Amino acid sequence: MIDALGAPQSVLVLGGGSDIALATLRRWAGAGRLERVVLAGRPGPRRDAAADRVRGWAPDAAVEVVDFDAARPDTHAAALDPVFAGPVDVVLLAFGVLPDGPTLPDPVAAAAVVTTNFTGAVSALTVVAGHLRAAGHGRVVVLSSVAGERVRRSNYLYGASKAGLDGFATGLGEDLRGSGVEVLIVRPGFVRSSMTDGLEPAPLAVDPDDVARVVVRRTPGPGGVVWVPGTLRAVMSVLRHVPTPVFRRLPL
Amino acid sequence: MSGLVTGWGRTTATRADRVPVRSVDDVVAAVRAAGPDRPLLARGLGRAYGDAALCAGGTVLDVRPLAGPPVLDADGVADVAAGTSIGELLDAALPHGLFVPVSPGTRHVTVGGALAADVHGKNHHRDGSIARHLESVTVVDGTGTVRELAAGDPLLGGVLGGMGLGGVVVSARVRLLPVASASMLVRTRRTADLEETMAVLAADDAEHRYTVAWLDLLAGGRRTGRGVVTSGDHAGADTPGALAPERHDPPPRLPAVPALPLGAVRRGPATAFNTAYWHRAPRRPSRGLQSTAAFFHPLDVLPGWNGLYGPRGFVQYQVVVPDDESLRRLVAGLRADGVAVTLAVLKRFGPGSGHPLSFPSPGWTLAADLAADAALGPALDRADALVAAAGGRTYLAKDARVRPDVLQATYPGLERWRALRATLDPRGVFTSDLARRLHL
Ligand SMILES: Cc1cc2nc3c(=O)[nH]c(=O)nc-3n(C[C@H](O)[C@H](O)[C@H](O)COP(=O)(O)OP(=O)(O)OC[C@H]3O[C@@H](n4cnc5c(N)ncnc54)[C@H](O)[C@@H]3O)c2cc1C
Ligand SMILES: NC(=O)c1ccc[n+]([C@@H]2O[C@H](COP(=O)([O-])OP(=O)(O)OC[C@H]3O[C@@H](n4cnc5c(N)ncnc54)[C@H](OP(=O)(O)O)[C@@H]3O)[C@@H](O)[C@H]2O)c1
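Sequences listed follow chains A and B, in order. For the first sequence, numbering that gives the first Met the number 0 begins at 0 and goes up steadily by one. For the second sequence, numbering that gives the first Met the number 0 begins at 0 and goes up steadily by one.
A few of these clues could be false.
The following label-pair restraints were derived from C-beta to C-beta distances [claimed, not checked]:
1. B:ALA374 / A:LEU203: 42 to 52 Å
2. A:LEU203 / B:GLY332: 35 to 45 Å
3. B:PRO281 / A:ALA233: 48 to 58 Å
4. A:ALA84 / B:ASP404: 20 to 30 Å
From the derived model, a few chain B residues whose C-beta atoms are all more than 10 Å from chain A [said to hold, decoys possible]:
5. THR13
6. GLY49
7. GLU134
8. SER135
9. GLU206
10. GLN407
11. ASP432
It is worth saying that the hints were derived from the structure and are not from the lab. Since the structure is predicted, the reported quantities are computational estimates derived from the model, not experimental observations. Where a beta carbon is used, it is the ideal one built from N, C-alpha and C, also for glycine.
With these hints in hand, go ahead and build the complete structure from the sequences.
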């Protein structure tokens, strides 16, 4: 269960090796209530290393790994259904890929970004939402991005995929009203993580732990949307309304 | 009907099917229809602060409609249905010169909820918890069997303090207290610091049936723990101005204050309130008559006050510690951690009821209201550690956040209670979010 101060006892991470997810798990482990952590992701050294780190932070918790490929929606029910034989309080959707450029010239590769970031998220969230609805409680935390809030030329493939994800998660949150399940949509700006390794940090860049702190603080209480850093909320609300000819000339 | 269910603190809300019950047969039918994967929990008026009356994904039995006028016998014993509120029992009994033996700080709790939490009142130092005043309790157990448990029956230990997990209470026979008037003779006294508050409470316990202190834990320095001690007794028939029992008026139902979109009860306003409240209290001890409503249920004049904390809700941290020094350290620790206690109440407990999950045990009980905030976690965990090391414990009817291992270590009767629960509920039908969280 999630206690009154938002500390969960069982967490499922989709994209279990993510830096932001790990920073969040570290904070939840610090709250001292974790009993079960399921890291769903592609098998490999990164997922194994993540599991070891979580075991170090939460020695009393059962840490499980589950093979899960976001890009294979046809496998999601089979991969995730068994996880819900045990308790799941929070699902953290953290998988995502950042393409190397505004879009990709290869049509299949371009579509694959959407398959992971959007299509895969839709199918995984659909599986998860069904189980949580039946359980009558739970939180879904979706790592969206400001990139989807006003899609811009410099990363429009990624931005479009996140816009789709953000829209679906918003609708899901509405659909789940009254079910005991709350959906929290997190829109970070630039996060210095392995996803952005080698890229020049954008203004207002934050660290994975800054995102984690906000996720932990906002897990109790009603869901909704939260920006990291918080100032991006105002920035984005201006940018959303800037006329295209002006927007075009901004160094974004 | 399916809906969201939350505790009085309005922190977590979970969904359950809500089934109202109007008769014992309704309860039996609901229990028979339940099973381990379709769990069930009784709920009264939802005054438990945390997740004790929640059952996510299961069925919450709304026992409130199982009510009716209590039947009073010549010996002053009331036969009362579990959905009847303590306030309704009081209103029915007082015109006959009888009073509820134990009343919590609000009249809006059901008899079933009061038994499930084995509630205490301002008279605990003298009269114990409600368990001491029962002739018998009738429950529907986890097999759907109606059991009448007479005082002394060991199975009562699974029910009283058992937070709904030992069975659905459907009625009880409660021994009432004879009183000569409907008024309270109350002595009010303001104290300068925690030491004086403790000393006055201890001294007043010897003289008065009811004692409690409101504490100011927001005032800094030496003034931390200053307070207002109120001590009272039922006024005699000959006390000038005392209201005859038959002239007791049930308090009017007042409109609820609306829940606020943003929390209003925070450190700033609460500090202002505390300061004003303390200064308003008489500097010298003063004596006066009060109505039972004003004395026992002062918060009831603001129905819906729990909504003032906003959508994030609040927690009430209530613990008991056996000795003076532990209380001092507990208060100092909360203060040092910067915990903003908006409302605090202090009282001395007498001996406990002996039921394994019953909360009261001899010592000091502190109840502190706090706006919910994830940042409170570490400070309250430190307070828990202090309480546990001192041999104290947390009150399950208020809890929403204690660590399971701490809770288990501080209720040494837990294993005994589990055995009683297994007898009462062999199929594992009853559960609650509290039970799941704490692995009761
Ligand atoms: C303002 C305020 C002041 C309070 N002051 C005090 C106080 O001074 N002393 C004190 O001890 N407590 C106090 N309480 C706590 C309160 O007395 C308990 O939480 C009590 O259990 C609430 O009763 P309820 O009918 O609202 O039950 P609920 O909150 O609905 O349920 C509480 C528990 O009782 C169980 N339960 C309810 N009905 C039944 C039934 N028929 N059969 C079996 N189990 C049942 C539920 O499963 C749950 O575990 C206070 C609460 C408030 C809001
Ligand atoms: N970093 C930022 O600037 C930023 C900003 C806004 C939003 N976000 C979002 O935040 C989330 C977490 O990002 P992060 O910064 O923590 O980056 P990260 O460390 O690179 O994490 C991304 C994770 O996604 C996983 N993943 C990718 N494709 C997958 C697939 N097909 N199936 C399963 N898992 C897959 C990766 O697993 P592998 O180890 O298997 O590759 C990796 O664990 C992402 O959704 C990202 O879009 C990031």
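How the hints compare with the structure:
{"no.": "1", "hint": "B:ALA374 / A:LEU203: 42 to 52 Å", "verdict": "24 Å, violated"}
{"no.": "2", "hint": "A:LEU203 / B:GLY332: 35 to 45 Å", "verdict": "38 Å, holds"}
{"no.": "3", "hint": "B:PRO281 / A:ALA233: 48 to 58 Å", "verdict": "51 Å, holds"}
{"no.": "4", "hint": "A:ALA84 / B:ASP404: 20 to 30 Å", "verdict": "24 Å, holds"}
{"no.": "5", "hint": "THR13", "verdict": "4 Å, violated"}
{"no.": "6", "hint": "GLY49", "verdict": "6 Å, violated"}
{"no.": "7", "hint": "GLU134", "verdict": "37 Å, holds"}
{"no.": "8", "hint": "SER135", "verdict": "34 Å, holds"}
{"no.": "9", "hint": "GLU206", "verdict": "38 Å, holds"}
{"no.": "10", "hint": "GLN407", "verdict": "13 Å, holds"}
{"no.": "11", "hint": "ASP432", "verdict": "5 Å, violated"}
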